[in-house]
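Engineer: So the sequence shown is numbered by our numbering: it starts at 27 and just counts up by one.
Simulated from the structure, these hints should not be mistaken for laboratory data.
All residues carry an ideal CB built from backbone N, CA and C; glycine is no exception.
It is possible that part of the hints are untrue.
Label-pair restraints from in silico Cβ distances [unchecked claim]:
{"#": "1", "residue 1": "T101", "residue 2": "A143", "range": "28 to 34 Å"}
{"#": "2", "residue 1": "P68", "residue 2": "E144", "range": "37 to 43 Å"}
{"#": "3", "residue 1": "P68", "residue 2": "A143", "range": "38 to 44 Å"}
{"#": "4", "residue 1": "N64", "residue 2": "D153", "range": "28 to 34 Å"}
{"#": "5", "residue 1": "A96", "residue 2": "G125", "range": "18 to 24 Å"}
{"#": "6", "residue 1": "E67", "residue 2": "T94", "range": "18 to 24 Å"}
{"#": "7", "residue 1": "V128", "residue 2": "P68", "range": "19 to 25 Å"}
{"#": "8", "residue 1": "G73", "residue 2": "L114", "range": "32 to 38 Å"}
{"#": "9", "residue 1": "G51", "residue 2": "T29", "range": "17 to 23 Å"}
{"#": "10", "residue 1": "N64", "residue 2": "R138", "range": "23 to 29 Å"}
{"#": "11", "residue 1": "P141", "residue 2": "V117", "range": "19 to 25 Å"}
With a straight-line cut-off of 20 Å between C-alpha atoms, the simulated EDC-like cross-links for lysine to aspartate or glutamate are [said to hold, decoys possible]:
{"#": "12", "residue 1": "K92", "residue 2": "D153"}
{"#": "13", "residue 1": "K92", "residue 2": "E130"}
{"#": "14", "residue 1": "K152", "residue 2": "E52"}
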Amino acid sequence: MATHNLRLDTSKQLALPIGIDARVGEVGSCVIVAEITNNGEPMSLVGYTARFECCKPDKTVVRDAKCTIAGNKITYTLDKSATAVPGLVNVAYFALLKGSDVIETTANIAIRVMPSAESAGSGVSKDYL
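Turn these sequences into a full structure, and let the hints steer you where they fit.
Structural biologist: Structure follows, in structure tokens:
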């Protein structure tokens with residue numbers, strides 16, 4: 027299991043997205059621990075819930091609320107639905123919510139999903155909400 031320790035700012039001022047590699051069909055192999063900042067300062071996440079969101083290369087969407095928050099860090103294990111299709115996921119981030127309202131989002135995370143031996147030419151992808 028690979029753990030990726032990231033620092034993501036809600037100002038979204040990064041020049042390039044932070045990159046992570048995964049493979050089609052992996053389950054639980056990629057853990058993201060994201061320190062959340064606002065304009066470079068640690069952001070209090072008290073009262074927030076978090077959700078991982080991404081748009082896969084085939085334009086289907088993942089919205090996964092299986093995130094945990096401790097202090098100003100979000101921990102999320104990449105769901106296999108996010109790696110259902112090989113290619114570059116260049117729209118991926120954490121949404122910070124109060125109730126059902128999205129209050130803030132983080133800078134993007136780029137996820138390169140590499141094909142697996144079994145996935146070449148097969149696999150089904152769909153929205154996961």
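Engineer: State for each hint whether it applies.
Structural biologist: Each hint, compared with the structure:
1. For T101 and A143, the Cβ-Cβ distance of about 30 Å falls inside the hinted range of 28 to 34 Å, so the restraint holds.
2. Take P68 and E144: their Cβ atoms lie about 42 Å apart, and the range 37 to 43 Å holds.
3. One distance hint, 38 to 44 Å for the beta-carbon pair P68 and A143, holds here, with the actual separation near 42 Å.
4. Roughly 30 Å separates the CB atoms of N64 and D153, a value that falls within the hinted 28 to 34 Å.
5. Our hint of 18 to 24 Å for A96 and G125 holds, since their Cβ atoms are close to 21 Å apart.
6. Between E67 and T94, the C-beta spacing of about 22 Å keeps the proposed range 18 to 24 Å intact.
7. The hinted range of 19 to 25 Å is satisfied by V128 and P68, whose Cβ atoms lie roughly 20 Å apart.
8. A C-beta distance of roughly 34 Å is found between G73 and L114, which places it inside the suggested range of 32 to 38 Å.
9. Taken as a hint, the range 17 to 23 Å holds for the pair G51 and T29, whose Cβ atoms sit roughly 20 Å apart.
10. Against the hinted window of 23 to 29 Å, the Cβ-Cβ separation of N64 and R138 comes to about 28 Å, which satisfies the hint.
11. Between P141 and V117 the beta carbons are some 20 Å apart, a value that agrees with the proposed interval 19 to 25 Å.
12. A hinted pair counts as satisfied when its Cα atoms are at most 20 Å apart, and K92 with D153 qualifies at roughly 16 Å.
13. Straight-line distance between C-alpha atoms of K92 and E130 comes to about 17 Å, which keeps the hinted pair within the 20 Å bound.
14. Note on K152 and E52: the hinted pairing holds, with a Cα-Cα distance of about 16 Å set against a maximum of 20 Å.
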